[in-house]
Amino acid sequence: GFNIGSTVNISTGVDVASLAGVNTTLSAAAGGVASLIANMIYVEKKTGEISFDLTKSMNGCLAGLVAITGGCAVVEPYGAIIIGFIAGLLYMCFSKLLLRWCVDDCVDAIPVHCIGGCWGAMAVGLFATPQYMENAYGTSTHVGWFYEWSRGSGNFNLLGCQLIGILFIGGWVTAIMLPFFSLLNFLGWLRADPLNELVGLDLSYHGGSYRRRGDSLSSEHLEAFRRRQRALNGDRLRDTSLPTSEVGSEDGRLMSEAKDEDLDESRDEAGNNSDIYIQPAHRVTGTY
Numbered sequence: 000g001f002n003i004g005s006t007v008n009i010s011t012g013v014d015v016a017s018l019a020g021v022n023t024t025l026s027a028a029a030g031g032v033a034s035l036i037a038n039m040i041y042v043e044k045k046t047g048e049i050s051f052d053l054t055k056s057m058n059g060c061l062a063g064l065v066a067i068t069g070g071c072a073v074v075e076p077y078g079a080i081i082i083g084f085i086a087g088l089l090y091m092c093f094s095k096l097l098l099r100w101c102v103d104d105c106v107d108a109i110p111v112h113c114i115g116g117c118w119g120a121m122a123v124g125l126f127a128t129p130q131y132m133e134n135a136y137g138t139s140t141h142v143g144w145f146y147e148w149s150r151g152s153g154n155f156n157l158l159g160c161q162l163i164g165i166l167f168i169g170g171w172v173t174a175i176m177l178p179f180f181s182l183l184n185f186l187g188w189l190r191a192d193p194l195n196e197l198v199g200l201d202l203s204y205h206g207g208s209y210r211r212r213g214d215s216l217s218s219e220h221l222e223a224f225r226r227r228q229r230a231l232n233g234d235r236l237r238d239t240s241l242p243t244s245e246v247g248s249e250d251g252r253l254m255s256e257a258k259d260e261d262l263d264e265s266r267d268e269a270g271n272n273s274d275i276y277i278q279p280a281h282r283v284t285g286t287y
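In our numbering, the protein residues as written are 0 to 287.
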């Protein structure tokens, strides 16, 4: 929607707005298909089984949307498909790369927004057409590099400007945010400590409920967290399903039940409580 709305005056810029809408949709679709297929091939080669991951497809759509934002009004629809498809592949590649590098990015923001945005900015310098540049900006002196070739020119101005813009934005963000994150890291505020990560921030920081069913949290980690909570808070933990004295002896049973796929879901509907409430630990900064 914001790509189309960026034309500001749709009554006189209907051609630009309609092209932006079509290209945005095509790029998103291409990104979703590309990431879905790429992940399917990756999983099939790794496990021998074909699997379709909807999360990968949705993030591929987002990568396609990010990539087409810069050039939605100046590229051909087939160019939007190419841009989105490459964005989906880049998303998959960098998502796996971050896992290999052990970079914690649980929502894949870096592959989607950073990599997709850099590729999208670069794509403007490759795919911007003379006709649509004239329609959108009133000039076609500098267009995409591929179209400069068709003119018999090697004009690199637009692509060069896009590359300089990418480098400038990266340098600006690094200069502003690196000292900030370095300070947070020095103070120990950059990330949660290992035990809080293992039990989950919903539980440790926000006082949420631990759902027994389908969770891989081990009884050892849960009990270690409870012991530290007792030491820090000086109070007995509230457990809505078990007395505190029975927590240690019952953890093994709870964890076994978490892996039981045949649990009767009607127990929840009938009001049988399957949540374990843990008091939040906002001031926990140590390690275990």
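It is worth saying that the hints were derived from the structure and are not from the lab.
Some hints here could point you the wrong way.
[Claimed, not checked] Computed Cβ-Cβ distance ranges for the label pairs, DEER-style:
1. N156 - N134: 49 to 59 Å
2. G159 - F179: 24 to 34 Å
3. T140 - L177: 33 to 43 Å
4. S181 - C113: 50 to 60 Å
5. C160 - S17: 48 to 58 Å
6. A223 - G164: 42 to 52 Å
7. W188 - V106: 14 to 24 Å
8. P193 - S17: 36 to 46 Å
Quick caveat, the model's predicted, so the values are computed rather than measured.
Where is the CB? At the ideal position from N, CA and C, for every residue including glycine.
Status of each hint after checking the structure:
Separated by about 19 Å at the C-beta atoms, N156 and N134 break the suggested range of 49 to 59 Å. Taken as a hint, the range 24 to 34 Å holds for the pair G159 and F179, whose Cβ atoms sit roughly 31 Å apart. A C-beta distance of roughly 37 Å is found between T140 and L177, which places it inside the suggested range of 33 to 43 Å. A hinted range of 50 to 60 Å is violated for the C-beta pair S181 and C113, which are about 19 Å apart.
Checked against the given bound of 48 to 58 Å, the beta carbons of C160 and S17, roughly 26 Å apart, lie outside it. Against the hinted window of 42 to 52 Å, the Cβ-Cβ separation of A223 and G164 comes to about 49 Å, which satisfies the hint. Under the hint 14 to 24 Å, the C-beta atoms of W188 and V106, about 20 Å apart, fit the expected range. Between P193 and S17 the beta carbons are some 52 Å apart, a value that contradicts the proposed interval 36 to 46 Å.
Checked against the numbered hints given earlier, this structure breaks hints 1, 4, 5 and 8; the rest are met.
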